[in-house]
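Below, each chain spelled out in residue letters.
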Amino acid sequence: MVKSVTSLGHNGLSNWLLQRVSALVMTAYLIFMVGYFFANPSPSYEQWVSLHSSLAMRIFSLLTILSIAAHAWIGLWCVLTDYITVRLIGSKATPIRMFLQLAMIALILFYVIWAIDILWGI
Amino acid sequence: MKTKRPVNLDIGSIKLPITSYVSILHRVSGVVLFFAVALLLCIFDASLESAQSFESLKECFSSPVAQFVIWAALAALAYHFIAGVRHLIMDCGVGEDSFESGRRSAWLVVAVAVIVIASISGWVFLW
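Here the protein sequences come in this chain order: A and B.
Numbers 36 to 157, taken from my numbering, label the letters of the first sequence in order.
Numbers 1487 to 1613, taken from my numbering, label the letters of the second sequence in order.
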């Protein structure tokens, strides 16, 4: 049975764990950023660039965008499989859902590549 | 098993508890945030590309439309974050013992979100 071919993990349990681990990574980044802007509400361009060109910060930002990618993939997969169903929208639901899932995956990959391009183009 | 059992999943005809609204809004804010990532990457890109793009980004932040869009993205992020922390706390076995505790923590999410989003409004529009 190939029911969840567009799911990120291979089973619900790994998705469950990935959703929470990615949430913790994003929480750490959010706390760091809020703290940064509290300490330095209006950074100069030089300060901002020097923050983001350190290797540690690049890795932190990369881990965050990968977490966003996994978190959005799992979350939107749940939303699409819950609402774009034959019962709710009719017989065309399956091809529509498949299209939306693939479009979502394409946009997620675009985000990741874009972020890497920004981070390593500084 | 009967396959033609009656189904009433017409959400509109059911009176939902606060926990449902907190959960639905968590989903809605998540979908909004998925698209807000594009906006945040645009801002991130402009902020790092050059000194000129950094300055023009700062100018852009003074326009009311830009402020509103940024406010909406930050408000969605704040709500999604707070409702997500509630789930993480419940995963640790805290506050998931009864419907009443779930209802209380859902109201707590609403209260904290109102305070945080009010602070964000102050920061974005008044600062």
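By construction, these hints were calculated from the structure, which means they are not laboratory data.
In this text, a Cβ means the ideal position worked out from N, Cα and C, and glycines have one as well.
Mixed in with the good hints, there may be bad ones.
As the list claims (entries may be wrong) - From chain A, some residues computed to sit far from chain B (all C-beta separations above 10 Å): (1) V60; (2) A74; (3) S126; (4) I131; (5) L137.
Stated by the list, open to error - Between beta-carbon pairs, the in silico distance windows are: (6) B:I1575 / A:F72: 23 to 33 Å; (7) B:S1536 / A:S126: 22 to 32 Å; (8) B:C1528 / A:F134: 17 to 27 Å; (9) B:C1578 / A:S126: 34 to 44 Å; (10) B:S1506 / A:T120: 44 to 54 Å; (11) B:V1580 / A:S126: 36 to 46 Å; (12) A:D152 / B:V1493: 23 to 33 Å; (13) B:S1499 / A:A63: 12 to 22 Å; (14) A:N75 / B:L1525: 34 to 44 Å; (15) B:I1601 / A:L123: 32 to 42 Å; (16) A:P76 / B:V1493: 31 to 41 Å; (17) B:V1493 / A:K127: 12 to 22 Å; (18) B:S1536 / A:A74: 21 to 31 Å.
Q) In ascending order, which of the hints set out earlier in this document are inconsistent with the structure? A) 7, 10, 12, 13, 14 and 16
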